[in-house]
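Following the hints, complete the assembly by docking chain Z onto the known chain P.
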Amino acid sequence: MTENYYSKEIECASPETIRAIQDEKLVKQVRHVWDRVPYYRAKMQEKGLTPDDIRSRDDLYKLPFLSKADLRECYPYGLLGAPLKDCVRIQSTSGTTGKRVVAFYTQHDVDLWEECCARAIMATGGTNEDVCQVSYGYGLFTGGPGLNGGSHKVGCLTVPTSSGNTERQIMFIMDLSATILCCTPSYAAYLGESMKAKGLTPDQIPLKVGIFGAEAWSEEMRHSIEATLGIKAYDIYGLTEISGPGVAFECSEQNGMHINEDHFIAEVIDPDTGEVLPDGTDGELVFTCLDKEAFPLLRYRTRDITSLSHEKCSCGRTFVKMSRPKGRTDDMLIIRGVNVFPSQIETVLLNSGYPANYQILVDRVNNTDTLDVQVEMTPEMFTDNLGEVATRQRQLESGLQSMLGIRAAVHLVAPQTIARSEGKAVRVIDKRKI
Amino acid sequence: MSVKQISIFLENKPGTLNKMTDVLADASIDMRALSLAETKDFGIVRIIVDDVIVALSTLKAAGFVCSLTPVVVCAIPDEPGGLNRILKVLTEADVNLEYMYAFLGGKDADHAYMIFRVDDEDKASAALVARKFRVVEQEEISEL
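First to last, the sequence lines map onto chains P and Z. Its first residue numbered 1, the first sequence is counted upward by one per residue in my numbering. Its first residue numbered 1001, the second sequence is counted upward by one per residue in my numbering.
If we strip away everything but chain P, and leave its shape as in the complex, we get:
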């Protein structure tokens, strides 16, 4: 078996070694955050904590959580852990006003992140002989820049196509014999279908490996993409708040993602009580950054639901594995790789004269996410003219498309038909079986 490691000593270190690294880095990091981030210091003080109370990772549970709400409150500089003059980059998540997260990076942070991506690429068998096409978006989104940096570190010939322009994507894959493809799984599925439509068989497609993340996908989808493109498809996990893709990555086993434990401590908690849960139990994933400088989040609640496993992995890595996230605890939806917030849909409805009585139905048909918005009819929006009601329905659809960037189908429903619990409508029904 080939040696598919970027940093073997760390990735395959004994649990004791990992533990020692985490203990040491955590103590330092808590001190760093205490000194640099008054917002978090205040949170610690509220709990009667000082850095002296955190002597090893056994003390991690004492630390206060950070959530997306904290990030909003601290926007943009409130959680900055390094002087701005030392920062070299920001990345930002897509979202509506007030929901945007801006994460800062020093050069050290960028290197750390890119190293995580390099580990992910090498874990799939990638080497400096590969041609790595990065079809994630470049820009504020972390997908493109992260994998681009990782690809450089591995020494692949990097093809920074960014997202979109399927014809050009296919041209580069074929003409430059790309062997590694990095993009969202839904885009990979789409590329596969497009190549198939051009009469390209898996044998003719030079790709060997796909590294797909940034949205939820299923095992069935994996198999389907693997068959159409003739590749092995690997999952990758990350989030802007923690750094970006590469926080965790899949190995040859393809059954869970190894978390880069020398940089991040993962915990799974009960989202209601905050209590830490044992291995194998589903709960909310929480990350603590161990050595990030500019955006050093401690105990950040990701809202992703997953479980952890310390079982021995045949790939040789000792890093804990997380299962593929089963969903999110909050209301953000990732549909066809695009972040969609119910609040955006609400805005369009209100602007178009409809009330905020709606329900969002997300499903997956033939590996493509579908978005349906049910809207309750009101006396104000009703006329006896069928054509006019239908026209308003279409106007609403185009309003949603320009707000969300993806197509949504509007269905007008009778008043009071949308299920309400505790007086509040259930806004989102996600039927995707991931």
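The set of hints was computed from the structure by calculation and includes no laboratory data. No residue lacks a Cβ here, since even glycine has one placed at the ideal position from N, Cα and C. Any given hint could turn out to be false.
Label-pair distances were calculated between CB atoms; the ranges are [stated by the list, open to error]:
| no. | chain 1 | residue 1 | chain 2 | residue 2 | range |
| --- | --- | --- | --- | --- | --- |
| 1 | P | N165 | Z | P1014 | 40 to 50 Å |
| 2 | Z | T1039 | P | K198 | 32 to 42 Å |
| 3 | Z | N1018 | P | N366 | 33 to 43 Å |
Okay, now just chain Z, sitting in the frame of chain P:
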């Protein structure tokens, strides 16, 4: 001179029309005419009833979205060419027709009743009356 039609929003799925007729039956409403227009997702039911006020308030109380629409109801002899003659009048009066439907079998077996949704009820009614057609008033609906 117009009659009030009740227009009701219905989702296009099993049982919705029946739910509406349940409500009307419980309120002892007698429907004189009914027409249905639908898309894939929803439909609009238009009805002429004997008691508009009771029907409308009952439907609203039951949670239906509905509205009142003025329509012109015209009696025509139930014989070949009857509708054709009326439409000619409307064409000559330059009245635009949005939709129409009919009902037969009122107490007067020799006549059919056409219901017209037009852009100008007054103009349409006046043109029809001038040509000696019988235009039905709201009060007459319960007698039909």
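Hints, one by one, checked against the model:
1. P:N165 to Z:P1014: 40 to 50 Å: 45 Å, holds
2. Z:T1039 to P:K198: 32 to 42 Å: 36 Å, holds
3. Z:N1018 to P:N366: 33 to 43 Å: Check passed, 35 Å falls within 33 to 43 Å.
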